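Chemist: Using the sequences plus the hints, can you model the full thing?
Protein chains: 2
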Amino acid sequence: MEKIESANKQALSKILQAEPVLIDVQPAGEVIEGLGKNVILHSGPPIGWDRMCGPMRGAVCGIAVFEGWAKDLTEAETMAARGGFTFHPNHHFGAVGPMTGMTTMSQPVMIVENRKFGNRTYCTINEGLGTVLRFGGNNAEVLDRLRLIAGVVGPALSAALRAAGGMPLKSIIARGLAMGDEMHQRNVACTAVFLREIAPHLAATATDAGKLVRVLSYIRDNDQFFLNIAMAMGKAMTDPANGIPGSTIVTAMNRNGTDFGIRVSGTGERWFTAPVEMPKGLYFPGYSEQDANPDMGDSAIVETIGLGGFAMAAAPAVAGFVGAGTASDAAQFTRRMSEITVGRNSDWTIPNLDFAGVPTGIDIRKVLRTGIAPVINTGIAHKKPGVGQVGAGIVRAPLRCFERALEGVAGTLADQI
Amino acid sequence: MEKIESANKQALSKILQAEPVLIDVQPAGEVIEGLGKNVILHSGPPIGWDRMCGPMRGAVCGIAVFEGWAKDLTEAETMAARGGFTFHPNHHFGAVGPMTGMTTMSQPVMIVENRKFGNRTYCTINEGLGTVLRFGGNNAEVLDRLRLIAGVVGPALSAALRAAGGMPLKSIIARGLAMGDEMHQRNVACTAVFLREIAPHLAATATDAGKLVRVLSYIRDNDQFFLNIAMAMGKAMTDPANGIPGSTIVTAMNRNGTDFGIRVSGTGERWFTAPVEMPKGLYFPGYSEQDANPDMGDSAIVETIGLGGFAMAAAPAVAGFVGAGTASDAAQFTRRMSEITVGRNSDWTIPNLDFAGVPTGIDIRKVLRTGIAPVINTGIAHKKPGVGQVGAGIVRAPLRCFERALEGVAGTLADQI
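Just so you know, the sequences run in chain order P and G.
Note that the first sequence covers residues 1 to 417 in my numbering.
Note that the second sequence covers residues 1001 to 1417 in my numbering.
Calculated from the structure, these hints are not laboratory results.
Predicted model only: the values in this text are computed from it and were never measured.
Note that the Cβ used here is the ideal one computed from N, Cα and C, for glycine as well.
Where hints are given, some of them may not hold.
Output of the computed footprint for chain P on chain G, the stretches with three or more beta carbons under 8 Å from beta carbons of chain P [stated by the list, open to error]:
{"id": "1", "region": "1049-1059"}
{"id": "2", "region": "1189-1199"}
{"id": "3", "region": "1210-1220"}
{"id": "4", "region": "1323-1330"}
SDA-like mimics (lysine to any residue), calculated; alpha carbons at most 20 Å apart, straight line [stated by the list, open to error]:
{"id": "5", "chain 1": "P", "residue 1": "K211", "chain 2": "G", "residue 2": "T1205"}
{"id": "6", "chain 1": "P", "residue 1": "K170", "chain 2": "G", "residue 2": "D1221"}
{"id": "7", "chain 1": "P", "residue 1": "K211", "chain 2": "G", "residue 2": "D1221"}
{"id": "8", "chain 1": "P", "residue 1": "K211", "chain 2": "G", "residue 2": "E1197"}
{"id": "9", "chain 1": "P", "residue 1": "K170", "chain 2": "G", "residue 2": "R1220"}
{"id": "10", "chain 1": "P", "residue 1": "K211", "chain 2": "G", "residue 2": "V1213"}
{"id": "11", "chain 1": "G", "residue 1": "K1211", "chain 2": "P", "residue 2": "T207"}
{"id": "12", "chain 1": "G", "residue 1": "K1211", "chain 2": "P", "residue 2": "K384"}
{"id": "13", "chain 1": "G", "residue 1": "K1211", "chain 2": "P", "residue 2": "G210"}
{"id": "14", "chain 1": "G", "residue 1": "K1211", "chain 2": "P", "residue 2": "A159"}
{"id": "15", "chain 1": "P", "residue 1": "K211", "chain 2": "G", "residue 2": "A1159"}
{"id": "16", "chain 1": "P", "residue 1": "K211", "chain 2": "G", "residue 2": "K1211"}
{"id": "17", "chain 1": "P", "residue 1": "K71", "chain 2": "G", "residue 2": "V1213"}
{"id": "18", "chain 1": "P", "residue 1": "K211", "chain 2": "G", "residue 2": "H1088"}
{"id": "19", "chain 1": "P", "residue 1": "K384", "chain 2": "P", "residue 2": "E277"}
Modeler: Set out below in structure tokens:
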């Protein structure tokens, strides 16, 4: 027990000491080793084509056409079914991706460096709302947008970030929490603050006035732009806390639309999985629970560092958006999450809770003792390939993952005796 | 009584129906009639050089040098004392100005048009924090900044706003309230949202890359940039509600560092004044109440439309900044203000109060009946000319103004019998 407490203290301290900085944007194939032709990284724990849900299959086909590996969606599907693509979880390559989480060689990825520990993580650039690849969309509009991102947005951000010497992220999150963001389903403030900080550098490094206007408009028109930055930051902060013997702190939560997976510090890179749950939430006009796919994405990394559902109190507007109730209900979510965490992040405070820090460091023992499953704010995808987002809601991490993880950590401790 | 109720309903309705749009930025002398050489508009009700407080005198001397009417501060002071300048309240020329509120011919003013009623209002561009003209600063750094504003920032904003076809402001305020701004002492969210909206237009209309970088940096580095926009908006919204016979709704509150003044709809352009109070608040290191000047500025126009101190619940971070307590105290300020107003603005809601609208339409009868004076969030200037801001706090409108105003409205009603 004492060993666990001390290991957990160490894990929490590593998370809190992190100094995440967005340093650059580069094509994934140039910075992620092993990401070559026909290799597709996806969200969640490991999964093959046979068990992939509809939207993930749709995204796989779309990205294969975008990369030029298949001439159309039909050919892509045939190739996938015949084992023509190699699939790996993003997390195995230092990356994270929202929803279907497709990461492939030609897409630009944002690079976050944790300057305290020197590790780096990667995430693609957010596509905005509507029919988008991450929700399983794969039509011409979706692929054109990916080309705009790769051809214009990525290179412009790269030049600006290099000129700026990187963009420290902790202070942006601190401001975002005071401005109603929880950094999962609401990133409007952080996106605006980020744009405000980067705009002069974008202008100073612009090679073409037309492209500058397109980049500034692209960020302006996407309230969720910052989500992918927050995700890469989340992984950059939790990776150094992984692999501390005996620690029962969660270092990653993710889902692939079929399985939910968690990693725990004491068991390093092992995944503990269980069938993923269906989000409860609100649907866009014309859609209902009948259309919904079970939850997916690596985005629950933000809950792992105390944001998203854990910081719901900071973002009463989100509570309405995800169907979780009123402002007072929002505060209650954050209070409940503090029952399953080992500490608070005093750099990230919530004005509505008289500036209490966000609850940080999920302890699987506390989850199992209280029966309180971590809450995750999430988008809801249509279960069929090619449709896209149909709503937003909240979902709980399945307790079964935590039971298995506890057995896993117990096993490592038993080994030492 | 029935006449008053009906007049007040009409006044409130005019405020709520407003459609304020920031349409352009132009040199004040070109858009404000009568603003020529040696004419200086100031904040608050009418006042002459003899009764002006220290910081306002400092600002007068500074702006006279900036305009080239005096070769240095000493000459400017001599000219002022000999009656060389003509002083008028901003409000008499459709304008508003923060703190000392200097408006003169060569300074660019932002133009807000109320598209519902066609009226226009003006306010200079915010200078940022530190030693600035509006707090009585008048050194070389202050005047250089005014030159940057007139030479670079103003023209760039003008071109961008014209290209954008104007920037509607009500929706920006709505977002700001959900992001922790109250639009008086906290404008960080609205400034970021404004920059996000205008940045593509600034880029599209830029004639010089270096100037574009300077403008984007100027806005980035000034958390209070949006304040002056909110002020012009406030006057654009309240002016059409002024002059409704029998109405006891306040249409302007302002202060010149010596007197506090209010206008009430039923008595039109008449000012009801009383000695201004000293703000209670927090001081920057090295300063104390001993250094403070009594309150000043036209900025209380934002409280007149339900923002600032009236929207304190939206901005718990402000409560700390102005020394007004915790998040729970912040909510209490807004609740109290709803006791002296005749309605709420359902377009501008506060998430922390489960999306209640901001209290709008101060009724002088309710102020006197309850004894609750309107609360104003404010900056604190040093009482000596040339020093600048020394703190921030809250101040109450003097009840004496409201007593006099009630007599004034009663007089107009008596006339009709």
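Chemist: Each hint needs a verdict: does it hold in this structure or not?
Modeler: Each hint, compared with the structure:
1. 1049-1059: n = 0 at 8 Å, threshold three: violated.
2. 1189-1199: holds (count 8)
3. 1210-1220: holds (count 6)
4. 1323-1330: With 3 residues in contact (Cβ-Cβ under 8 Å with chain P), the coverage given for the region 1323-1330 of chain G holds.
5. K211/P x T1205/G: Status holds; Cα separation ~13 Å.
6. K170/P x D1221/G: The given pair, whose Cα atoms are some 18 Å apart, holds under the 20 Å limit.
7. K211/P x D1221/G: violated, 24 Å
8. K211/P x E1197/G: Between K211/P and E1197/G the Cα gap is close to 17 Å, so the pair holds against 20 Å.
9. K170/P x R1220/G: This hinted pair holds, its Cα atoms lying about 18 Å apart.
10. K211/P x V1213/G: holds, 16 Å
11. K1211/G x T207/P: holds, 15 Å
12. K1211/G x K384/P: violated, 50 Å
13. K1211/G x G210/P: Holds. K1211/G to G210/P sits at ~17 Å (cutoff 20 Å).
14. K1211/G x A159/P: holds, 19 Å
15. K211/P x A1159/G: holds, 19 Å
16. K211/P x K1211/G: holds, 18 Å
17. K71/P x V1213/G: The given pair, whose Cα atoms are some 43 Å apart, is violated under the 20 Å limit.
18. K211/P x H1088/G: Status violated; Cα separation ~47 Å.
19. K384/P x E277/P: holds, 17 Å
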